[in-house]
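S.K.: One-letter residues, chain by chain:
There are 4 protein chains.
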Amino acid sequence: MANSRFEYVRKYELDDSVLMNTWIVVRVDGRGFSRFVSEHHFEKPNDIRGIHAMNFAAAQVMKEFQADMTLAYGHSDEYSFVIHRSSSLFSRRSSKLVSTVVSCFASGFVFYWNRCFGADQPLLYPPVFDARVVCYPTDENLKDYLSWRQADCHINNLYNTCFWYLVQKGGRTNVEAEAELKTTVSADKNELLFSKFQVNYNNIEPIFRKGTILVGHAPDGEAKNSEHPVPVQARDSSNASEDSKSSLVHDVENEALNGFLADHKILKLHRDLISQDFWEQFGQTVLG
Amino acid sequence: MANSRFEYVRKYELDDSVLMNTWIVVRVDGRGFSRFVSEHHFEKPNDIRGIHAMNFAAAQVMKEFQADMTLAYGHSDEYSFVIHRSSSLFSRRSSKLVSTVVSCFASGFVFYWNRCFGADQPLLYPPVFDARVVCYPTDENLKDYLSWRQADCHINNLYNTCFWYLVQKGGRTNVEAEAELKTTVSADKNELLFSKFQVNYNNIEPIFRKGTILVGHAPDGEAKNSEHPVPVQARDSSNASEDSKSSLVHDVENEALNGFLADHKILKLHRDLISQDFWEQFGQTVLG
Amino acid sequence: MANSRFEYVRKYELDDSVLMNTWIVVRVDGRGFSRFVSEHHFEKPNDIRGIHAMNFAAAQVMKEFQADMTLAYGHSDEYSFVIHRSSSLFSRRSSKLVSTVVSCFASGFVFYWNRCFGADQPLLYPPVFDARVVCYPTDENLKDYLSWRQADCHINNLYNTCFWYLVQKGGRTNVEAEAELKTTVSADKNELLFSKFQVNYNNIEPIFRKGTILVGHAPDGEAKNSEHPVPVQARDSSNASEDSKSSLVHDVENEALNGFLADHKILKLHRDLISQDFWEQFGQTVLG
Amino acid sequence: MANSRFEYVRKYELDDSVLMNTWIVVRVDGRGFSRFVSEHHFEKPNDIRGIHAMNFAAAQVMKEFQADMTLAYGHSDEYSFVIHRSSSLFSRRSSKLVSTVVSCFASGFVFYWNRCFGADQPLLYPPVFDARVVCYPTDENLKDYLSWRQADCHINNLYNTCFWYLVQKGGRTNVEAEAELKTTVSADKNELLFSKFQVNYNNIEPIFRKGTILVGHAPDGEAKNSEHPVPVQARDSSNASEDSKSSLVHDVENEALNGFLADHKILKLHRDLISQDFWEQFGQTVLG
Ligand SMILES: Nc1nc2c(ncn2[C@H]2C[C@H](O)[C@@H](COP(=O)(O)OP(=O)(O)OP(=O)(O)O)O2)c(=O)[nH]1
Ligand SMILES: Nc1nc2c(ncn2[C@H]2C[C@H](O)[C@@H](COP(=O)(O)OP(=O)(O)OP(=O)(O)O)O2)c(=O)[nH]1
Ligand SMILES: Nc1nc2c(ncn2[C@H]2C[C@H](O)[C@@H](COP(=O)(O)OP(=O)(O)OP(=O)(O)O)O2)c(=O)[nH]1
Ligand SMILES: Nc1nc2c(ncn2[C@H]2C[C@H](O)[C@@H](COP(=O)(O)OP(=O)(O)OP(=O)(O)O)O2)c(=O)[nH]1
Ligand SMILES: O=P(O)(O)OP(=O)(O)OP(=O)(O)O
Ligand SMILES: O=P(O)(O)OP(=O)(O)OP(=O)(O)O
Ligand SMILES: O=P(O)(O)OP(=O)(O)OP(=O)(O)O
Ligand SMILES: O=P(O)(O)OP(=O)(O)OP(=O)(O)O
Ligand SMILES: [Mg+2]
Ligand SMILES: [Mg+2]
Ligand SMILES: [Mg+2]
Ligand SMILES: [Mg+2]
Ligand SMILES: [Mg+2]
Ligand SMILES: [Mg+2]
Ligand SMILES: [Mg+2]
Ligand SMILES: [Mg+2]
Ligand SMILES: [Mg+2]
Ligand SMILES: [Mg+2]
Ligand SMILES: [Mg+2]
Ligand SMILES: [Mg+2]
Chain A
22 MANSRFEYVR
32 KYELDDSVLM
42 NTWIVVRVDG
52 RGFSRFVSEH
62 HFEKPNDIRG
72 IHAMNFAAAQ
82 VMKEFQADMT
92 LAYGHSDEYS
102 FVIHRSSSLF
112 SRRSSKLVST
122 VVSCFASGFV
132 FYWNRCFGAD
142 QPLLYPPVFD
152 ARVVCYPTDE
162 NLKDYLSWRQ
172 ADCHINNLYN
182 TCFWYLVQKG
192 GRTNVEAEAE
202 LKTTVSADKN
212 ELLFSKFQVN
222 YNNIEPIFRK
232 GTILVGHAPD
242 GEAKNSEHPV
252 PVQARDSSNA
262 SEDSKSSLVH
272 DVENEALNGF
282 LADHKILKLH
292 RDLISQDFWE
302 QFGQTVLG
Chain B
22 MANSRFEYVR
32 KYELDDSVLM
42 NTWIVVRVDG
52 RGFSRFVSEH
62 HFEKPNDIRG
72 IHAMNFAAAQ
82 VMKEFQADMT
92 LAYGHSDEYS
102 FVIHRSSSLF
112 SRRSSKLVST
122 VVSCFASGFV
132 FYWNRCFGAD
142 QPLLYPPVFD
152 ARVVCYPTDE
162 NLKDYLSWRQ
172 ADCHINNLYN
182 TCFWYLVQKG
192 GRTNVEAEAE
202 LKTTVSADKN
212 ELLFSKFQVN
222 YNNIEPIFRK
232 GTILVGHAPD
242 GEAKNSEHPV
252 PVQARDSSNA
262 SEDSKSSLVH
272 DVENEALNGF
282 LADHKILKLH
292 RDLISQDFWE
302 QFGQTVLG
Chain C
22 MANSRFEYVR
32 KYELDDSVLM
42 NTWIVVRVDG
52 RGFSRFVSEH
62 HFEKPNDIRG
72 IHAMNFAAAQ
82 VMKEFQADMT
92 LAYGHSDEYS
102 FVIHRSSSLF
112 SRRSSKLVST
122 VVSCFASGFV
132 FYWNRCFGAD
142 QPLLYPPVFD
152 ARVVCYPTDE
162 NLKDYLSWRQ
172 ADCHINNLYN
182 TCFWYLVQKG
192 GRTNVEAEAE
202 LKTTVSADKN
212 ELLFSKFQVN
222 YNNIEPIFRK
232 GTILVGHAPD
242 GEAKNSEHPV
252 PVQARDSSNA
262 SEDSKSSLVH
272 DVENEALNGF
282 LADHKILKLH
292 RDLISQDFWE
302 QFGQTVLG
Chain D
22 MANSRFEYVR
32 KYELDDSVLM
42 NTWIVVRVDG
52 RGFSRFVSEH
62 HFEKPNDIRG
72 IHAMNFAAAQ
82 VMKEFQADMT
92 LAYGHSDEYS
102 FVIHRSSSLF
112 SRRSSKLVST
122 VVSCFASGFV
132 FYWNRCFGAD
142 QPLLYPPVFD
152 ARVVCYPTDE
162 NLKDYLSWRQ
172 ADCHINNLYN
182 TCFWYLVQKG
192 GRTNVEAEAE
202 LKTTVSADKN
212 ELLFSKFQVN
222 YNNIEPIFRK
232 GTILVGHAPD
242 GEAKNSEHPV
252 PVQARDSSNA
262 SEDSKSSLVH
272 DVENEALNGF
282 LADHKILKLH
292 RDLISQDFWE
302 QFGQTVLG
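Residue numbers (my numbering), protein chains in the order written: chain A, 22 to 309; chain B, 22 to 309; chain C, 22 to 309; chain D, 22 to 309.
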């Protein structure tokens with residue numbers, strides 16, 4: 022075989038399998054998304070179109086690896102995918118896992134872009150994502166990992182919400198807003214939103230405050246119950262206003278995405294992962 | 022900081038940096054492309070539109086990492102990217118390298134799909150690619166690696182060319198064609214093409230026989246000289262025919278791709294990597 | 022600093038830390054011990070002097086790493102050391118763990134040789150041991166690991182006991198004995214020992230049948246209770262005989278070793294690890 | 022097989038092979054030797070008996086792996102072993118390499134202790150060594166690695182020599198000596214030795230200044246020429262003195278060690294590795 026003289030180079034590949042019987046998390050994160058979101062005129066602090074594109078991409082990944090993947094969690098420019106501890110997908114080879122997940126995600130993000138952004142905002146260049154594999158030995162570690170990401174979502178979103186209210190409604194410059202928030206803790210930020218802008222942070226769309234959870238293998242029936250956020254006014258009319266946010270409410274629904282999720286029996290949730298509630302309801306489905 | 026209770030999970034990330042001072046190759050390969058090409062009605066054995074999409078995606082990668090990447094080589098559904106041995110890109114962290122390269126590739130492939138396939142063949146679903154990192158300690162090892170991939174291109178392309186001539190022009194069934202080729206060596210296949218179909222294998226487009234080499238950092242002037250294959254008839258009129266292949270000749274040019282390459286001073290070549298010639302001309306640019 | 026020109030080579034060291042929160046097992050195994058035992062005239066199938074040397078070496082390791090090591094288990098030419106899942110010894114760097122454990126073991130084995138073998142059998146050359154690190158994510162995995170090693174001890178010891186009875190008492194050649202045992206299962210071997218040699222396998226010294234367990238952090242009081250095997254005759258007088266084995270009984274005690282163990286509060290046991298009993302008694306000490 | 026229920030735990034072992042075609046260095050270093058040397062009353066700054074024990078241990082390692090190991094270099098409590106880039110010893114598995122080398126070294130150190138230290142200084146407890154594997158892709162990297170270690174030897178030895186002259190002959194306390202040396206560069210230290218103690222640093226035994234190089238595969242004839250340091254007086258009578266150092270001269274020879282080395286055709290040298298000279302003479306033997 023003509024190949025033989027060179028074929029020895031194959032032996033330079035090193036095995037990179039990860040430890041058996043551990044939860045495998047693949048976390049994907051947009052590379053240089055600060056620039057990407059600005060060039061694509063994302064709304065601040067959250068652009069529901071971008072979130073839909075991320076969720077479409079994540080759903081595509083869930084579909085691709087559905088036998089092995091039980092949960093995904095995303096917010097901002099990142100998504101974490103949980104591969105079951107018993108999985109032997111790609112013999113648990115790290116680079117196979119990381120590369121197929123991230124390429125599926127990137128590929129899906131571009132593929133579904135137009136469906137989420139419409140004709141007004143074409144994709145200007147192909148986005149890049151990094152990804153890594155991290156293993157967690159116990160269920161507790163895995164839950165703490167997800168809590169870590171959701172706490173990050175909360176902290177960033179609370180900060181960003183305050184920041185952009187100060188800038189967009191409060192007339193502050195970016196520098197002033199930053200200075201004003203520097204020493205505040207969570208309670209201060211909640212208070213600031215309420216006293217200055219009559220905004221109850223807890224009434225902000227859960228999709229922004231909590232991020233998105235995708236649950237695979239959802240028991241029949243439940244997959245249909247993906248959380249479709251109730252309009253803000255309906256929930257808390259005392260805070261109703263003609264405020265631009267209310268226009269968001271309609272955008273929150275993305276029929277194409279919801280159809281895709283239902284087809285693949287993937288449940289979409291925007292709720293607390295840190296408290297026990299979630300795990301009482303979905304522990305068996307996700308960890309079992 | 023609210024994060025602190027969970028932040029410990031970050032310590033579960035393990036360092037996966039690769040050895041210093043070695044050539045880093047990231048090889049990307051389409052996942053399940055046998056099915057993908059058939060569902061997208063790729064021409065057999067080679068579809069120039071698909072090759073353009075691969076080359077666009079690879080050029081996007083070269084552009085993204087141009088400071089560290091000196092050469093790329095691709096054929097079929099795969100592409101290999103060479104990162105310079107002196108590079109400290111991402112501190113040489115394996116998963117960062119593999120994930121950003123493959124996601125850029127996948128993202129680019131989808132992004133440029135329409136430009137290559139036009140309206141006739143829309144992309145039906147987002148493709149997935151796997152990728153791996155392999156290190157080579159010496160220049161010789163790196164050259165042998167590239168030779169290995171090009172020898173693979175040659176062997177597959179010669180086989181596939183025979184196979185599809187037998188099936189498409191020779192009226193064989195797939196099974197018959199396979200049987201007929203089973204025991205043949207290269208010389209037999211060349212002879213078969215010539216005697217049965219008046220095809221001189223060496224006149225087949227180099228882009229099919231040799232694959233595509235992209236050279237970054239090309240010295241000024243040379244980047245303009247990317248090889249734009251001379252039409253078959255012009256080169257070897259004795260073999261001219263009204264044969265359907267000749268229609269390919271025009272497709273081989275993709276102005277958008279060539280413009281992109283010229284803009285980013287990337288040289289595109291379809292030539293032998295195994296012999297010394299290439300290295301005499303480009304050794305300094307690629308390895309220096 | 023004169024060092025600086027060369028100091029860059031330090032960066033070629035790659036991090037090899039193992040995953041957090043997993044049980045770390047370091048297994049040591051004599052290299053080429055088939056030859057070593059024969060050149061040092063070990064008794065067959067078990068030489069209590071060699072076992073004492075192994076146990077001394079293991080106790081030395083337990084002492085050295087006592088804060089992090091909770092259990093060790095050994096038989097034949099191997100010893101497994103369990104480092105607690107919460108340990109951050111050497112930042113969990115694999116090569117540090119493996120090298121310090123195995124060098125301590127090897128060094129101890131040579132150091133205590135004379136104390137175990139006396140003047141009759143000097144050490145002829147320095148023995149070599151290999152070692153590896155394996156991580157286990159759950160307590161169950163760890164127990165199964167130890168069960169695996171003890172099952173190995175049982176199988177080998179039952180076989181070897183039969184083999185050497187057949188050869189030493191039964192007048193078989195090695196080849197004949199091997200052939201005779203080839204198709205036997207455990208029950209057959211027990212039967213063979215009893216019917217042909219009036220030996221009840223269960224009366225053989227537990228140190229040979231079960232191997233040796235060392236428990237660190239033993240609760241006060243318990244460390245004094247290391248199992249000192251009851252003489253065979255006492256336990257099962259029906260099988261009493263003037264048989265040379267009975268002379269072994271006295272050798273089983275090694276006062277120096279027992280003193281060393283007591284000094285360092287290490288408990289020595291020769292009992293079943295596979296059944297729940299052991300874990301009910303020592304689970305908290307070992308795993309807690 | 023009774024083993025089967027537990028045997029799955031074997032799959033938790035991860036492959037740790039190192040990259041092909043790179044120089045493999047295993048560096049061994051005494052653990053906590055500051056304490057060990059003081060408890061064993063090593064002479065300061067260098068104890069020739071300790072160096073002999075280190076060299077015996079290293080020679081044992083060279084002998085054990087002679088087919089794959091071409092050079093070793095040691096000083097102080099460390100030794101580096103060079104395994105040829107083409108070696109496939111233990112399939113290049115990192116933990117096998119590190120564990121067998123370091124256990125052979127530790128085992129050898131204890132085994133040969135009495136031969137080096139005599140009855141006056143028994144070994145009080147088994148010493149521990151750590152070890153690591155580092156790969157170097159080029160010959161230049163390997164030479165720089167060895168130069169790095171020898172530069173370290175030089176810097177430490179020059180410092181220690183000054184320090185102990187100041188303390189032992191100059192009547193300084195440790196603190197005073199340290200302060201006096203704090204801001205000095207090499208030239209200052211040479212000058213200090215000469216002006217204060219009439220010692221020409223270059224006349225100090227090369228074994229102390231340069232460390233010890235062991236060359237395996239030495240061409241026939243050369244192995245006999247291991248460097249047996251010429252007595253100080255002979256070389257530089259102008260510096261002759263009744264100084265206690267001269268008594269060292271005889272100790273430097275260790276007949277047992279030299280015999281061992283000659284038997285195994287291992288060359289022992291105490292010379293410069295940093296300049297080209299060494300590599301001109303031994304490059305072929307070591308690197309070829
Ligand atoms: N305006 C807006 N910005 C968003 C949205 N989602 C994410 N971003 C931005 C906020 C951050 O600048 C960025 C994500 O932060 P990262 O820490 O991942 O930074 P970035 O991707 O720039 O850098 P990296 O390559 O990940 O190190 O994306 C959104 O919906 N709207
Ligand atoms: N018809 C046609 N097929 C192509 C072309 N380029 C690549 N292919 C096909 C031929 C092979 O079936 C496939 C590439 O082979 P692989 O060994 O990578 O197989 P595949 O991707 O199916 O499986 P994998 O997931 O990589 O293990 O792609 C093309 O231009 N035209
Ligand atoms: N006669 C006798 N032999 C023993 C005793 N303990 C261990 N052995 C022998 C039995 C085996 O031949 C050998 C251990 O088996 P291994 O599978 O570890 O083989 P070995 O060390 O020869 O090769 P290796 O370098 O580990 O692959 O040691 C003993 O107490 N008495
Ligand atoms: N007096 C005396 N000391 C020596 C001799 N050879 C080595 N040493 C001492 C000097 C240092 O304190 C020690 C080696 O330095 P290291 O940096 O390896 O420190 P040490 O082994 O204490 O700590 P480690 O466990 O390696 O981090 O051994 C000798 O011949 N004579
Ligand atoms: O994908 P193949 O079959 O060409 O061979 P490989 O890529 O070396 O196999 P794998 O993708 O499993 O590493
Ligand atoms: O990307 P950051 O800054 O949030 O932090 P990180 O992802 O842990 O850092 P890196 O991407 O370099 O691993
Ligand atoms: O041991 P040191 O302090 O000389 O430095 P090191 O050996 O590089 O550190 P470590 O032993 O922790 O790898
Ligand atoms: O040594 P063996 O044959 O019992 O089996 P192993 O130890 O798993 O093999 P290796 O020592 O090569 O890892
Ligand atoms: Mg990051
Ligand atoms: Mg980002
Ligand atoms: Mg981010
Ligand atoms: Mg493959
Ligand atoms: Mg493929
Ligand atoms: Mg392929
Ligand atoms: Mg083994
Ligand atoms: Mg063995
Ligand atoms: Mg063994
Ligand atoms: Mg150290
Ligand atoms: Mg040391
Ligand atoms: Mg040292």
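Worth double-checking, as some hints may not be accurate.
Pairs involving identical chains hold if they fit within one copy or between any two copies, as the list cannot separate such chains.
Quick list of in silico lysine-lysine cross-link-like pairs, DSS-like style, CA-CA up to 25 angstroms [claimed, not checked]:
1) K65 to K117
2) K32 to K190
3) K286 to K203
4) K84 to K217
5) K117 to K32
6) K84 to K117
7) K210 to K117
8) K190 to K65
9) K117 to K203
10) K286 to K65
If you are wondering where the hints come from, they were derived from the structure by calculation, not from laboratory data.
S.K.: Hint by hint, say whether it matches the structure.
M.R.: Structure-based check of all given hints:
1. For the identical chains of this complex, K65 and K117 are neighbours neither inside a copy (35 angstroms) nor across copies (28 angstroms), given an alpha-carbon limit of 25 angstroms.
2. When the C-alpha separation of K32 and K190 is checked against a cutoff of 25 angstroms, the pair qualifies neither within a copy, at 61 angstroms, nor between copies, at 40 angstroms.
3. For a Cα distance limit of 25 angstroms, the shortest separation of K286 from K203 qualifies neither inside one copy, at 43 angstroms, nor across copies, at 45 angstroms.
4. For the homomeric pair K84 and K217, neither the shortest alpha-carbon distance inside one copy (44 angstroms) nor that between copies (47 angstroms) is at most 25 angstroms.
5. Taking CA atoms no more than 25 angstroms apart as the test, K117 paired with K32 passes in both settings, with 17 angstroms inside one copy and 19 angstroms between copies.
6. Proximity of K84 to K117 under the C-alpha cut-off of 25 angstroms is found in both arrangements, the shortest distances being 17 angstroms within a copy and 24 angstroms between copies.
7. For the homomeric pair K210 and K117, neither the shortest alpha-carbon distance inside one copy (43 angstroms) nor that between copies (35 angstroms) is at most 25 angstroms.
8. In this assembly of identical chains, K190 and K65 lie within 25 angstroms of each other by CA distance solely inside one copy; the values are 12 angstroms within and 60 angstroms between copies.
9. For the homomeric pair K117 and K203, neither the shortest alpha-carbon distance inside one copy (42 angstroms) nor that between copies (32 angstroms) is at most 25 angstroms.
10. Proximity of K286 and K65 under a CA criterion of 25 angstroms is satisfied in neither setting, with 31 angstroms inside one chain copy and 37 angstroms between copies.
Hints 1, 2, 3, 4, 7, 9, 10, counting from the list given before, are not met by this structure.
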